[in-house]
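**Q** For this one, chain A is given, so just place chain B on it according to the hints.
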Amino acid sequence: MELFNSESKKIINDPINVNNPISLQVLGICSALAVTIRLDQAIIMTLAVIFVLCSSNVILSLIRDYIPARVRIVIMLSVIASLVSVVDELLKAYLYDMSKQLSVFVGLIITNCIIMGRAEAFALKNGPSKAFLDGLGNGLGYGMIIIIVSFFRELFGAGTITLPDGGAGYVLWRIPEAWYAAGYENIGLLVLSPGAFFILGLVIWGQREWFGLEEDV
Amino acid sequence: MNFLKKILAQSGKLFEEGKPLSFAYPLWEATDTILFSTNTQNKSGPHIRDNMDIKRTMFFVVIALIPCYLFGAYNIGYLHSSTTAVSSSILSDFIFGMTYVLPILITTFIAGAICEIGFAMIRKHEINEGFLVSCALIPLTMPPDIPLWQLFIGTCFGIIIGKEIFGGVGTNVFNPALTARAFMYFAFPTKISGDKVWALVPDGYSGATALSIPANPTIDMIAELAKNEQAINATNLFSLNSMSFDFSTSNLFWGLIPGSIGETNKLLILLGAIFLIYCGIASWRIMVASVLGLISTAGLFNLLADYSTNAMLTITPLEHILIGSFLFGTVFMASEPVTSTHTNKGRWIYGFMIGVLTVIIRSINPAYPEGVMLAILIMNMFAPLIDYYVVKGNIKMRISRNA
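Respectively, the protein sequence lines represent chains A and B. Each residue of the first sequence is one higher than the one before, starting from 6 at the first, in the working numbering. Each residue of the second sequence is one higher than the one before, starting from -19 at the first, in the working numbering.
Pulled out of the complex, with its shape left as it was, chain A reads as follows (with noise of 0.2 Å):
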């Protein structure tokens, strides 16, 4: 299969516009809430999500002829616990303060709906290249979403814009103290889980404004 043809193309565009799957799809909230309060935090997230995602997809798209399909769920699992458990250890090791940040979430992406969804849409009935890009752009669409929410959610919450760095992060911009002193006052409702329901509620609005997609009620 070429790589860049029309039709891995829509694989990797579609799952970032027309069928998000945190915003059109709306699966992976309970993650999208937690991670969200920082940039740094999400965009580390993003990365082993993507990580996640991709590999579990090549993997269960190559042995899918030989997973019997009652067990299927059980083998899904135990193949995207063993990756986020190499990716909880690779945090621990190399970005200590990330992994301590994030915590349990690292974990919980065993139980994101996004991997076992796309495992089970996606990998089992389809070649492993499709299904790596399945899996990439599934990750991307993820990571924009995540992101974007915890660009604002940084911003008017805490008034930082955090970049990932080997330790607490690294401070791209704060708002400056002469716009407090003016009387600028940071939204602590961003802060709390409300907050990230509220952005990623506005978010989803615009993107379907955007793509012009109506539901049907």
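Honestly, the hints are just simulated from the structure, not real lab data. None of the values given here were measured: they were computed from a predicted structure. For each residue, glycine too, the CB sits at the ideal point set by N, CA and C. One thing to keep in mind: the hints can contain errors.
Claimed, not checked - Facing chain A, according to a computed beta carbon distance under 10 Å, are these residues of chain B, among others:
1) L82
2) I86
3) P127
4) W129
5) Q130
6) F132
7) I133
8) F137
9) I141
10) F146
11) F163
12) A167
13) T170
14) K171
Claimed, not checked - Under the rule of at most 20 Å between Cα atoms (straight-line distance), these lysine to any residue pairs were calculated in the SDA-like manner:
15) B/K171 to A/W184
16) B/K176 to A/G217
17) B/K104 to A/G217
18) B/K171 to A/G193
19) B/K104 to A/W210
**A** Showing chain B alone in chain A's frame:
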């Protein structure tokens, strides 16, 4: 009049479909219907012949709120002048208060109008007068020196998230004014809660509201009560000599106490309630039921007060009615026709639960001494469910009667 009519009819052609100004049609339509009665008729049923259209309903609510505004402005000035030893008259107090109330009012209306007109143009619906009521209610729930930019954001949030995303006036689930206040309460807690913001008083005076005193009594207050060998309960706390303001029951009624702009004077709120009930706009069932709910829960808590150190449990039912914004919320927010229940049985349940929840939130959680806002929002959410089961129950009863 004919001259004006002609101008409107002429200019109306510019706003028709396909004309350059068609995007602003809702603006023209609003001007036309405010000045003259509307020309268009309902195409589909049901048809009700009644002079109480939405416009008149909404305007009556605004009229009922005007006394609260006037007293709120006077109260701001009175609390300020009485603590700063400046010689003052009723008029100067009023003018001082107006310098705080008017900017708040204007900001709210600008924000509300931008959102409402913007949505009317994009969604192509008529400009609805509902936003006037929301915008008239929001300032009354604010402390006097709320930063105006926060108020602007809060109002936009209330109008857009509380109303427009549900489809505009008549289809909203939550009361937009309370949505705005809840947003600001959680987004900017330092400016809309605590004991610094409710009255413009110099340092050294406590601007605590009547609710926050028993919720979080200071060490000094407890020491003073211990010295006089008095029990730590709400009545004793209110009557302490060290209080900056008079928290006697009669003054709680007359409202010369710190609080939101519109909530303090209970007489004016009661007059507003009578006016709204007389005009058939607000439901008396909801108001009575919520007072009953409040009295029963507060009475129950009074019985339990001996087993707890929480001074909030000792507040008597009468004090519960008079302190905080319970009456204001019940009369002007809870009874709002759109977000409350629509069946009579449902109104009793809805109102009663608002009263119950208000006391529970006020008393049990000292972080939220003002429980009315959250109680009404919670019950807004349950209103459709209550109606659903009331209607179902009625159907069931009639089936079994005829079986």
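**Q** With a cut-off of 20 Å on the C-alpha distance, tell me whether B/K176 and A/G217 pass.
**A** Not OK: B/K176 and A/G217 at ~48 Å, beyond 20 Å, violated.
**Q** Let me know if the C-beta of B/F163 comes in closer than 10 Å to any C-beta of chain A, holds or violated.
**A** holds (7 Å)
**Q** Using the nearest Cβ pair, does B/F137 come within less than 10 Å of chain A?
**A** Since the shortest Cβ distance to chain A is 8 Å, the answer is holds.
**Q** Double-check B/Q130 for me: the hint is only fine if its C-beta lies closer than 10 Å to a C-beta in chain A.
**A** For B/Q130, the interface hint holds, since the closest Cβ of chain A sits about 7 Å away, which is under 10 Å.
**Q** Can we keep the B/A167 interface hint, with Cβ of chain A closer than 10 Å?
**A** holds (4 Å)
**Q** Could you check if B/I133 really has its C-beta closer than 10 Å to a C-beta on chain A?
**A** holds (8 Å)
**Q** When the nearest CB of chain A is found for B/F146, is that gap smaller than 10 Å?
**A** Hint violated; B/F146 Cβ to chain A Cβ min 12 Å, cut 10 Å.
**Q** Does the nearest C-beta of chain A fall within a distance shorter than 10 Å of the C-beta of B/I141?
**A** holds (7 Å)
**Q** With chain A as the partner, please determine if B/W129 meets the hint condition of a C-beta pair closer than 10 Å.
**A** OK, holds: B/W129 within 10 Å of chain A, min 7 Å.
**Q** Given B/L82 was flagged as interface, is its beta-carbon under 10 Å from a beta-carbon of chain A?
**A** With Cβ-Cβ at 19 Å, over 10 Å, it is violated.
**Q** Under the criterion that the straight-line Cα-Cα distance not exceed 20 Å, is the pair B/K171, A/W184 satisfied?
**A** holds (17 Å)
**Q** Taking 20 Å as the top limit, are the C-alpha atoms of B/K171 and A/G193 close enough?
**A** holds (11 Å)
Going through the hint list in order, the structure does not satisfy hints 1, 2, 6, 10 and 16.
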